[in-house]
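Number of protein chains: 2
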Amino acid sequence: MGFTFEVEKPDETCSARAGVMRTAHGDIPTPLFAPVGTQATVKTLTPDELIEIGTTLILANTYHLYLRPGADIIARLGGLHQFMGWSGPILTDSGGFQVFSLEGLRRVSEEGVLFRSHIDGSEHFFSPEKTIEIQEKLGADIIMAFDECADPMDYDYNKLALERTHRWAERCLRAHTRTDQALFGILQGGIFPELRRKSAEFLTSLGFPGYAIGGLSVGEPKEKTWETLDITVPLLPTDAPRYLMGVGAPEDLFEGVERGIDLFDCALPTRLARNGAVFTSRGRINLRKAEFAEDSAPIEEVCECYTCRRFSRAYLRHLLKAREILGLRLNTIHNVHFLTNLVRRIRESILDDSFSALKREFLSQYVPVADDTEQRIKGLARRRARSKQEGTR
Amino acid sequence: MGFTFEVEKPDETCSARAGVMRTAHGDIPTPLFAPVGTQATVKTLTPDELIEIGTTLILANTYHLYLRPGADIIARLGGLHQFMGWSGPILTDSGGFQVFSLEGLRRVSEEGVLFRSHIDGSEHFFSPEKTIEIQEKLGADIIMAFDECADPMDYDYNKLALERTHRWAERCLRAHTRTDQALFGILQGGIFPELRRKSAEFLTSLGFPGYAIGGLSVGEPKEKTWETLDITVPLLPTDAPRYLMGVGAPEDLFEGVERGIDLFDCALPTRLARNGAVFTSRGRINLRKAEFAEDSAPIEEVCECYTCRRFSRAYLRHLLKAREILGLRLNTIHNVHFLTNLVRRIRESILDDSFSALKREFLSQYVPVADDTEQRIKGLARRRARSKQEGTR
Numbered sequence: 009m010g011f012t013f014e015v016e017k018p019d020e021t022c023s024a025r026a027g028v029m030r031t032a033h034g035d036i037p038t039p040l041f042a043p044v045g046t047q048a049t050v051k052t053l054t055p056d057e058l059i060e061i062g063t064t065l066i067l068a069n070t071y072h073l074y075l076r077p078g079a080d081i082i083a084r085l086g087g088l089h090q091f092m093g094w095s096g097p098i099l100t101d102s103g104g105f106q107v108f109s110l111e112g113l114r115r116v117s118e119e120g121v122l123f124r125s126h127i128d129g130s131e132h133f134f135s136p137e138k139t140i141e142i143q144e145k146l147g148a149d150i151i152m153a154f155d156e157c158a159d160p161m162d163y164d165y166n167k168l169a170l171e172r173t174h175r176w177a178e179r180c181l182r183a184h185t186r187t188d189q190a191l192f193g194i195l196q197g198g199i200f201p202e203l204r205r206k207s208a209e210f211l212t213s214l215g216f217p218g219y220a221i222g223g224l225s226v227g228e229p230k231e232k233t234w235e236t237l238d239i240t241v242p243l244l245p246t247d248a249p250r251y252l253m254g255v256g257a258p259e260d261l262f263e264g265v266e267r268g269i270d271l272f273d274c275a276l277p278t279r280l281a282r283n284g285a286v287f288t289s290r291g292r293i294n295l296r297k298a299e300f301a302e303d304s305a306p307i308e309e310v311c312e313c314y315t316c317r318r319f320s321r322a323y324l325r326h327l328l329k330a331r332e333i334l335g336l337r338l339n340t341i342h343n344v345h346f347l348t349n350l351v352r353r354i355r356e357s358i359l360d361d362s363f364s365a366l367k368r369e370f371l372s373q374y375v376p377v378a379d380d381t382e383q384r385i386k387g388l389a390r391r392r393a394r395s396k397q398e399g400t401r
Numbered sequence: 009m010g011f012t013f014e015v016e017k018p019d020e021t022c023s024a025r026a027g028v029m030r031t032a033h034g035d036i037p038t039p040l041f042a043p044v045g046t047q048a049t050v051k052t053l054t055p056d057e058l059i060e061i062g063t064t065l066i067l068a069n070t071y072h073l074y075l076r077p078g079a080d081i082i083a084r085l086g087g088l089h090q091f092m093g094w095s096g097p098i099l100t101d102s103g104g105f106q107v108f109s110l111e112g113l114r115r116v117s118e119e120g121v122l123f124r125s126h127i128d129g130s131e132h133f134f135s136p137e138k139t140i141e142i143q144e145k146l147g148a149d150i151i152m153a154f155d156e157c158a159d160p161m162d163y164d165y166n167k168l169a170l171e172r173t174h175r176w177a178e179r180c181l182r183a184h185t186r187t188d189q190a191l192f193g194i195l196q197g198g199i200f201p202e203l204r205r206k207s208a209e210f211l212t213s214l215g216f217p218g219y220a221i222g223g224l225s226v227g228e229p230k231e232k233t234w235e236t237l238d239i240t241v242p243l244l245p246t247d248a249p250r251y252l253m254g255v256g257a258p259e260d261l262f263e264g265v266e267r268g269i270d271l272f273d274c275a276l277p278t279r280l281a282r283n284g285a286v287f288t289s290r291g292r293i294n295l296r297k298a299e300f301a302e303d304s305a306p307i308e309e310v311c312e313c314y315t316c317r318r319f320s321r322a323y324l325r326h327l328l329k330a331r332e333i334l335g336l337r338l339n340t341i342h343n344v345h346f347l348t349n350l351v352r353r354i355r356e357s358i359l360d361d362s363f364s365a366l367k368r369e370f371l372s373q374y375v376p377v378a379d380d381t382e383q384r385i386k387g388l389a390r391r392r393a394r395s396k397q398e399g400t401r
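The listed protein sequences derive, respectively, from chains A and B. Residue numbers for the first sequence follow my numbering, so the first one is 9 and each next one is one higher. Residue numbers for the second sequence follow my numbering, so the first one is 9 and each next one is one higher.
Note that these hints are calculated values from the structure, not bench results. All values derive from a computational prediction rather than experimental measurement.
List of simulated lysine to aspartate or glutamate pairs, EDC-like, C-alpha gap at most 16 Å:
#: 1; chain 1: A; residue 1: 367; chain 2: A; residue 2: 259
#: 2; chain 1: A; residue 1: 206; chain 2: A; residue 2: 164
#: 3; chain 1: A; residue 1: 329; chain 2: B; residue 2: 128
#: 4; chain 1: B; residue 1: 329; chain 2: A; residue 2: 128
#: 5; chain 1: A; residue 1: 17; chain 2: A; residue 2: 356
#: 6; chain 1: A; residue 1: 367; chain 2: A; residue 2: 356
The whole structure should be built from the sequences, with the hints applied where relevant.
Given below as structure tokens:
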């Protein structure tokens, strides 16, 4: 019933590898893209739609579920799997990222973080022990250590935050009692090689069953993201899964896999879908545009998702313009399918030694969207403004 | 390929009957409840979910689809069935009810109605010929005559509107060319027996393949609804289907069937669902209430819908409180299933001579909600205020 990870096949030309994580609720082939179900639902989708898409792991969030409906309620209702009707593997994030992103963040101390609920402004306290306790109540198969999330470009703050994150990681390990859950450590250190090395060294010395790379894809330039992975991943044990948090743009999945990442999550496909933006093999398109008003083709002819098998771009555009919920659903199905299927193809390409060919072929067609970078920079600016204002350094 | 209707079995104790409407897109067993898909989607649901529920006919709306995306676009995309991915029968309402409910209604003349779009305020003109032309472009299996909808309690207005509705009905018949579509007439006359008799006499003399009873369930006291049916239905031919527009509360379906109604439609189940209210055999409950926070039971144990097979009231409440779209979907599935299944049971009871027993049994358990009546009265007050303001009399 315990968690195991096995590398089935390392790529011979790069650090990519195909593997499998085994959990009490089923096997998770890797590399894998996991959709985000923050509030115990991948937005707009049923569990059965996720199964049809081929999803094998979903994320849920400790911060959000602690506040609403509450971890005790979920525990009394049989745990998160039963609560949300998903019998496959679940991963819960610890809530660290959320409490450090809050507008009304109150005070960080060695003990933990005092924060205000975004729902009703009420005060709450998260310590490493508390987030583990909550995650044990929720009962996900993979749970995460409680970490301090700093501006990735701010050396002094990262140096300070890293020490605390390490002490918190030790406390999380000590607090963790459920043997059917795997507790992953989270590396921090921003874009600073020295700090990343320190983080990898310290956390691997504690012996987690898996390692997440946190503090990336939160506003730093992309070349820094990849440089940081280049430095960090080789310091991690090959027999433990590596999880790059918050990454999900198609072009980035290739970069991550190539550097040895096994697991990705991102709210991008679901969030974009609700804005009308959908993935195609040539890049993203926004279905709200007038050019799709009479387009009888599906989003993508070759796509096998429910949306593409059944509906035209013109109909999807109509649903969006008419503010119909079905449009949000159908776009979400397509986007989650697109990333899930892309990583499935990546996995197959590793198994049959064609990863670099697939990467070349995909990237020769796919045009990334510039505004993703803009969004990351805006996100960083917001984060900086907040952390200054709140004096969290 | 033409439309036919056959009564399979008349009830021996009342005017109820079981029958079947045959259309180019399939058979429609009657009595039937048809969910409303105003904008070419039954709100939140896919066609496949409707098939699983057992829906055999859906409504769409001429006014809404004419404005957005436009009838010509739908026609060029292969018609409404192909556009929305629904291969079963469709009925389009003529838009009469909508243009007469508009805030910015401009002018009614013998020729038709000049009105402003609720979307962008642009001016448009609907004549009987125009609404038939639009409905032929949309291509539904059953289309409706263009009628003038009056306050059901206002004799003078109804008298005037009725004459016009009759002349418009003749013009609709003359304008209608597609032989694969059945054009139904719509009786008006408010709650006034004399006017209803006149309407039945005139419209049946024109020989429509089906008759709708309009102008009811729009704010009049319920006893008047049933009195009006008592007077009207016997004046209609037994070999044509009778359609009571806008009725869908469970208790009302029994009253309608008992008086000889074959077809019902109503936005109630989908609208209520999005507000958190769901049907049970004992009456409606609102899942937002705190009492359901830890309720591990489904909405109804005996219900066979997807929602009840898979999810607890506690989870549905959480989704509603967290404003998750999945909650709206799951409630909608349950409510549409509830009414569809109730009318299916009613049909079976007619076939095996147990209709009155079923009615007695159902109504002994089901507690209707008083605020429906309040809503009807509010609707009426709004309608009156509008028609006075706009000088449409």
